[in-house]
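There are 2 protein chains.
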Amino acid sequence: MSKHWPLDLTEAEMRAMMAASMDRIGTFISTLPEQAVDRSGEASTQFLSSLKEPMPELGGDFEQLLDTVFHDLAPLSLNPASPGFMGYVPGGGIFHAALADLISNTLNRYTGVASVAPALNQLEANVVRWLCQIMGYPAEARGFLTSGGSLANWSGLVTARHAKLGENFLRGTIYTSDQTHHCVAKAARLAGFPAANVRVLPADGDYRLDPARVRDAIRADRSRGMQPAILVASAGTTNSGAVDPLPELGVLAREENLWLHVDAAYGGFFRLTERGKQALAGIELADSLVLDPHKTLFLPYGTGALLVRDGKTLKAVHSSSADYMPAMQDDDDLMDFCELSPELTRPYRGLRIWLPFKMHGAGVFRRYLDEKLDMARWIEARIRNLPQLELLAPATLSILAFAIRDEDQSLAERNSATRALMQRINDKQRVNLTGTMLREVYAIRVAVGAFRTHQEHMDMLLEDLLEALASHSGTSL
Amino acid sequence: MSKHWPLDLTEAEMRAMMAASMDRIGTFISTLPEQAVDRSGEASTQFLSSLKEPMPELGGDFEQLLDTVFHDLAPLSLNPASPGFMGYVPGGGIFHAALADLISNTLNRYTGVASVAPALNQLEANVVRWLCQIMGYPAEARGFLTSGGSLANWSGLVTARHAKLGENFLRGTIYTSDQTHHCVAKAARLAGFPAANVRVLPADGDYRLDPARVRDAIRADRSRGMQPAILVASAGTTNSGAVDPLPELGVLAREENLWLHVDAAYGGFFRLTERGKQALAGIELADSLVLDPHKTLFLPYGTGALLVRDGKTLKAVHSSSADYMPAMQDDDDLMDFCELSPELTRPYRGLRIWLPFKMHGAGVFRRYLDEKLDMARWIEARIRNLPQLELLAPATLSILAFAIRDEDQSLAERNSATRALMQRINDKQRVNLTGTMLREVYAIRVAVGAFRTHQEHMDMLLEDLLEALASHSGTSL
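Chains S and E supply the protein sequences, listed in that same order. The opening position of the first sequence corresponds to residue 1 in our numbering, with each subsequent residue numbered one higher. The opening position of the second sequence corresponds to residue 1 in our numbering, with each subsequent residue numbered one higher.
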């Protein structure tokens, strides 16, 4: 290839680019334990402004561009690849999946229609079936991989909307708790529901959706001519890790003829473990559910999933055709994903899950998830024993929340003391925690979930927590 | 790391996995010219069934898994990475972008909120601005990258719905032509519009949306109490490559107070070239527009884009907040993409475009796109000179369509002759074309667009077309 066509890389050029990339990736990964967990605050406004640039007409040196990314840009951020990352909901980003994307991108196969790449389709269909299997779904269940939980929740609501309400859905109502992830209300808005049709009910003392409250709200709505249609439960909230009472909600949904949608983006995969199975009992009653493999299957960001118990409901709303399209299947084994999901051309996400599962087996993922549960219980027990702290939410799965114990100071004082405590922990840059409001109390969350997090990092967390508490008492806030 | 935690790969393990992958990728890429373009038909039902398997509890050998993908599964498909691929809408999948994904996935940064990774955010904001710049959009324009055109079109319609109709939108109507990509009607359905509210108007003789027809339909709808709201134009249809009359439609939309949404998924990037700029005159009048970098920026599948002329309209429908979230920006430079788009956690797509643009400069992409235009005109001229063929749609950009010339046979005979001709070309397995219906005529499309396609492959196409024509005459259909 002449360099008149520089996008047409030779194999030697590709290998050189890969080697240069791998050198930097290797250094990045092998130095993770020594890297500060959060350097997002170090990016000055001036520096950021200096990065603005018009579209370049001419090119530059590849290795210099890599250095810009690896040395100048990426480090100035929160680092969710770190073993010390315990904020938001971690995952970490296994390298196997990164490699799978490299392969998929290079092969560049079209996988929206089964007949175009039937063997790769079968592979992805297998992955979808494995997810259904993990969640206890029947054989007629179907699903698809998305870019993340937000779009999976949206597709769940659109499927429910179509199945329960049809085209005239503006009187349809949705029931959920004030602990549900905010992407659900956003998904409802994008799906066309008026904001007022989403009934956000106050959760119970354990931050769980209260079935009695749902029932009351449904009855009130029916009496005023609304059409109660969708019940959204959480199987592991982001706020506190709480799991809504799924068996009761499943019964209620059936009795009231509502679609039960369960957001299990964070919690669902714990069903691979015995303890998770118990905590998530009833989840198989869901009409649709959302999983985030980029959370608790440890994948890099970019993979969610929607599963529906009755696969035909997906096709009913997503199916569409055109003259320029290839023929679709009527096959139980293969899945025309463009007929089941909103995307037509899309990245081939199946390999990201297939490759690590086939290389290590589900057993390894089970072991990692069990370890996360163990470690969350371990730190929970330590926090319970610290007199200065109050456990606000136990580790139902692997998220828990605590605050400075209420000692007759004002709520504002208590909250700012808790914030200051978290800041002291984070300032050590070995672990990173994020906070939230649980009712009116500011809470520090511990979200155990990065695959690189092991007991030594929990020891670090405890060490830094104890030190921060000591200096907190010293300043006698 | 003990192998008790096998997901925690050592640097040596990662490098070994990468080397094994690169060996296979290298072979795949360097043998592309010799590979058959379409082996999807070789996958037997029996073989596909044999691939079904339950979730594996135990792992397997990594190199064997790679061989399964590279040798057993991927080859049994249509190969859009091939230089001979001229079906549907090609792109090819540049390796730079595959490498960029590998890096993004390894770094695993959260880029939905600017403050969490501000420097990487600035990089992606630059990319969005470059796309706006290419399309002639003003400074207040905003946008975001998606997984592809379907979701970008959906987000465009949702943004338009919110801006023009608010929450009570069931009387809102959408106008488009029968040549518009079917994902638009699907996007309207997913956005909550009743199917009957999408006015699919017959295109003119050049397969373009007729402004007079739109105006009539709007008036009829207003008189029956509907709310005309959105006009969807195509800047390069999939069927024939036609570009709707954008200047006239821009005026019409303004006069009638409609939102003009332009699907430029395939055609938009030709605005980098002088000829493209002329063909796409008026595109900057669009209120929103869709681009597919995985088409005419040659990226691997998985990147579309929505741009809106008034950035505030994106925020108006997508903004959402929660206690556990970090603070959002009020900054003109950075972009909180979770406030502008439907996704919260998402893959970092910016690097896929930034890296190849910075390495080669926009000039190289311009040169490739100009080459595609040249080659489409070249084959168009050859087809015009072949007496057995009729050009049905010229190469407005890089797609054209033709059929066997009408020789007093029945329409069905003519169509099956054209189909047979295409089959003969494709059977040679050097180039791959796909067909469509243009009105009632079956048409063979030539979509020049894979970055690896150069003049030698066009020569191949002509050779195979001439041979197929000769054997067609021989069989005197």
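If you're looking for bench data, these hints aren't it; they were derived computationally from the structure. Bear in mind that the values here come from a model prediction, so they are computed numbers and not experimental data. Treat the hints with care, since some could be wrong.
Listed below are the simulated DMTMM-like cross-link pairs for lysine to aspartate or glutamate, each with C-alpha atoms no more than 20 Å apart in a straight line [unchecked claim]:
1. S:3 x E:370
2. E:52 x S:57
3. E:277 x E:255
4. S:3 x E:456
5. S:3 x S:57
6. E:3 x E:42
7. E:312 x E:140
8. S:52 x E:333
9. S:3 x E:332
10. S:52 x E:467
Here is what the structure says about each hint:
1. S:3 x E:370: holds (16 Å)
2. E:52 x S:57: The hint is violated at about 49 Å.
3. E:277 x E:255: This hinted pair is violated, its Cα atoms lying about 24 Å apart.
4. S:3 x E:456: Holds, at about 16 Å.
5. S:3 x S:57: holds (17 Å)
6. E:3 x E:42: Violated: residue 3 of chain E and residue 42 of chain E sit about 40 Å apart, past 20 Å.
7. E:312 x E:140: With Cα atoms ~8 Å apart, residue 312 of chain E and residue 140 of chain E stay inside 20 Å; holds.
8. S:52 x E:333: Distance of about 8 Å is within 20 Å: holds.
9. S:3 x E:332: violated (38 Å)
10. S:52 x E:467: violated (54 Å)
Hints 2, 3, 6, 9 and 10 from the list above are not met by this structure, while the remaining hints are.
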